[in-house]
Amino acid sequence: MQYDPIKRVLGEAFNKTPFLRKLFYNLLDLLLLRSWHIHKELKAWAKGKRQQPIQILDAGSGFGQYTYYLSGMSDKWRTLAVDVKDEQVADCNNFFRQINRRNVLFRVEDLVTFQDPQAFDLVLSVDVMEHILEDVDVFKNFHASLRPGGMLLISTPSDQGGSDVHGDEESSFIEEHVRDGYNIQEIQEKLRTAGFTRMEANYSYGTPGKISWRLSMKYPILMLGASKAFFVLLPFYYLVTFPFCLLLNWLDTHSKHPTGTGLIVKAWK
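When we follow UniProt numbering, the leftmost residue of the sequence shown carries the number 1, and every step to the right adds one.
Think of the hints as simulated: they come from the structure by calculation, not from any bench.
Keep in mind that the hints are not guaranteed to be accurate.
Unchecked claim - Taking lysine-lysine pairs in the DSS-like style, the calculated list, with each CA pair at most 30 Å apart, reads: (1) K266 to K218; (2) K47 to K266; (3) K228 to K43; (4) K85 to K22; (5) K47 to K22; (6) K140 to K190; (7) K16 to K140; (8) K16 to K85; (9) K40 to K228; (10) K47 to K218.
Unchecked claim - If you anchor each label on the Cβ, the simulated ranges turn out as follows: (11) E134 to N202: 22 to 28 Å; (12) V112 to K43: 26 to 32 Å; (13) Q185 to K76: 33 to 39 Å; (14) T207 to L30: 32 to 38 Å; (15) P258 to T17: 43 to 49 Å; (16) I211 to G149: 36 to 42 Å; (17) G149 to E189: 18 to 24 Å.
The beta carbon of each residue, even a glycine, is placed where N, CA and C say it ideally should be.
Take these sequences, add in the hints, and give me the full structure.
The structure is reproduced here in structure tokens:
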């Protein structure tokens, strides 16, 4: 399944007005379990920092929903959001100008080569590293771009069924992935190679999260991939499944998982 064409269709549908784009962000925040985990980590990181002049890198910003969330946490923070896709960067810059959030800039950059030495207090990378083959080079750039004491926060699939792969004979549900998921020791070792010395890694998408992901993302994406006519039925589908997904997301975020299809990784310089 190629995810990018569906993302483009969704982006076009919700990019018509600032109100629709905000609605889109709010729906993503509710439906996407990774957003629940990232928001939880960002709130913990932000304690005592909301009045400080903080510099943030959103590394692989996509639709810009995490930059939107961060820019609303404090007007003293400045976020540079980078992505390789020109169209998404242009759309995001236009949207943030329309809503008058001046503490944000989107720019076209390749994470394999982008580096801004000791510029950032936080680097955020959400579901990006599974798309990049040269991951150690990117981790080295993140390390170089962080200020001393700065934190890198990563969300990525794990090798415990991430990308919906459960055996050697299966391929990733998302064709754009260059790896099916990280082993929890592997990603920490790569971060050490990049220069990080202190790390924490935990599984996300445990049993509740796996069920929620199938209901809220996999099945709708498969149906949209089969026919765009499903857009008409999508609201009715979510009317039934949405309450269950919210409960499952809450359970996953507030539980410790011995294994899971996702990883939340933090590393400090």
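For this session: Check each numbered hint against the structure and report the violated ones by number, ascending.
Result: Hint check: 3, 7, 9, 10 and 14 fail, others pass.
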